[in-house]
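J.: So the chains spell out like this:
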Amino acid sequence: MAIDTLGANALASNSVTTAKIANDAVTGAKIPADAVVAADIADGSITTAKLADDAVTGAKIGTGEVKTDNIENSTSLHLDCTFTNADATVTTASTSNLAVGMEMHHSHGSTTTDADHNGSIIRAGSRILSITNSTTFEMTQNAAGAGTDVLTHFTSGVTKSKIANSSVSLIKKADNDQALEPLWTRLVYNAGANYTHQLITTQGTKIEYANGNNGPSGIARVKGTTGHGDFIFMYKPGYSWGYSGIYLADVAGYVDLDNPAWMYGSGQNAGFQSWGFYNNSSNNIAHIYHWDGSANNLDHNMGTGTNGNTWRVWRVNGVLYAKAGGYSNVTLQASNSRQDFVIWNQSQSPGSCEILQASRMPAGGA
Amino acid sequence: MNTMGTYKGKSPAVVARAADLCGWKKNVSINMDGTLNWWGETGHPTDSEIDAKLSAAQDAHDIQASKREDGNGALGAPDEE
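For the record, the sequence lines run as chains C and W. Mapping of the first sequence onto the numbering used here: position 170 corresponds to residue 170, and the numbering continues sequentially without gaps. Mapping of the second sequence onto the numbering used here: position 36 corresponds to residue 36, and the numbering continues sequentially without gaps.
Take these hints with a grain of salt, some might be off.
[Claimed, not checked] DSSO-like, lysine-lysine: derived pairs with alpha carbons at most 27 Å apart:
{"id": "1", "chain 1": "C", "residue 1": "206", "chain 2": "C", "residue 2": "67"}
{"id": "2", "chain 1": "C", "residue 1": "323", "chain 2": "W", "residue 2": "26"}
{"id": "3", "chain 1": "C", "residue 1": "67", "chain 2": "C", "residue 2": "50"}
{"id": "4", "chain 1": "W", "residue 1": "26", "chain 2": "W", "residue 2": "10"}
{"id": "5", "chain 1": "C", "residue 1": "50", "chain 2": "C", "residue 2": "60"}
{"id": "6", "chain 1": "W", "residue 1": "26", "chain 2": "C", "residue 2": "206"}
Please keep in mind that the hints were generated in silico from the structure rather than gathered at the bench. Since we're looking at a predicted model, the values are computed, not measured.
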């Protein structure tokens, strides 16, 4: 007898095996909602093609999961481009070095528009939307004006718009932009100083305060830092009742050198070295103190104070030296001196400190 | 009068005046912990001697400061322009 109909009750439990299901027989409609759980998905089976555009949102990326390798290398190039008013199409000699998503700016670097620099064409925030062919691409916004051969700046990776204003601190700058310069900067009033006191003179190279014993004074920082290599710093300390000279402290000991409230103290940060250079007439001494990271000690008693003589601090191949006036050279650190130092002045009135020379030595000191 | 054994919060310029009134012509400053820093020198005034001169030093400081635009009462401050 032929069997026309087989009821569900006629099927034994577990009788419908995989082999009994025709290929392509199970359609999406036969799979209940929430039936496919993570455990049913083979490891490595979800490919890029299975993810919709924009499917991975920020919330799906774990904290710290974006690594350096995931960030596109930054590029920066300039091309002459031709724009048409109210049109997003741009032509240039070659699009070979351009990529979708690149930021576009007028070459003078301003994101704002101004007529003086043909700056009324590229709107702020414009990027490359698509590349049409070897000489044409589309912007994300229409041009705000027409222009031929307008020098245009293209950037990608970590671009200007991804860096907050004022967020690039001193030590994040290129080495040559951090270099020591003979200039007192970031003046801070001390001991009651105010607008009546001129504290920085001699075209910014001298800080001075002859305002009575422990009277008003100023604290300032030498522009730049020594870097980790060779450098030379020469200065002329004052010779009066107050201590004149400098402090030399490891940048690594400070959380944020650019914080206006950074510790213009004596640089005694736990675990980081610093030196203090003292000269005065009232005690008539020339001393160099060393903070070794935990204690401060008189490192070198050079002798009597110097009056008008040049002091030097310098580093050659990991050895840190000092010289006070006509006294002999002394070694502050005999090896492995690789600290990036910041320098600021003693600030006890009356006193002064004039920078004579301040420079990193990129080709080596001597 | 300093009765706390510390000079923290005191004007360094007043302390310098007090030291001068004691006949001390060398440097003196106030450490972070409030003690006086005599920079390794010996023979300096004691805290009691400094305390005894603080009032007079403060008066001299204030009289000078009141006559100046910059309010500077430090000993040896040059005349203002």
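J.: Now, for every hint given, state plainly whether the structure supports it.
T.: Here's how the hints hold up against the structure:
| no. | hint | result |
| --- | --- | --- |
| 1 | 206/C / 67/C | violated (46 Å) |
| 2 | 323/C / 26/W | holds (24 Å) |
| 3 | 67/C / 50/C | holds (23 Å) |
| 4 | 26/W / 10/W | holds (19 Å) |
| 5 | 50/C / 60/C | holds (16 Å) |
| 6 | 26/W / 206/C | holds (24 Å) |
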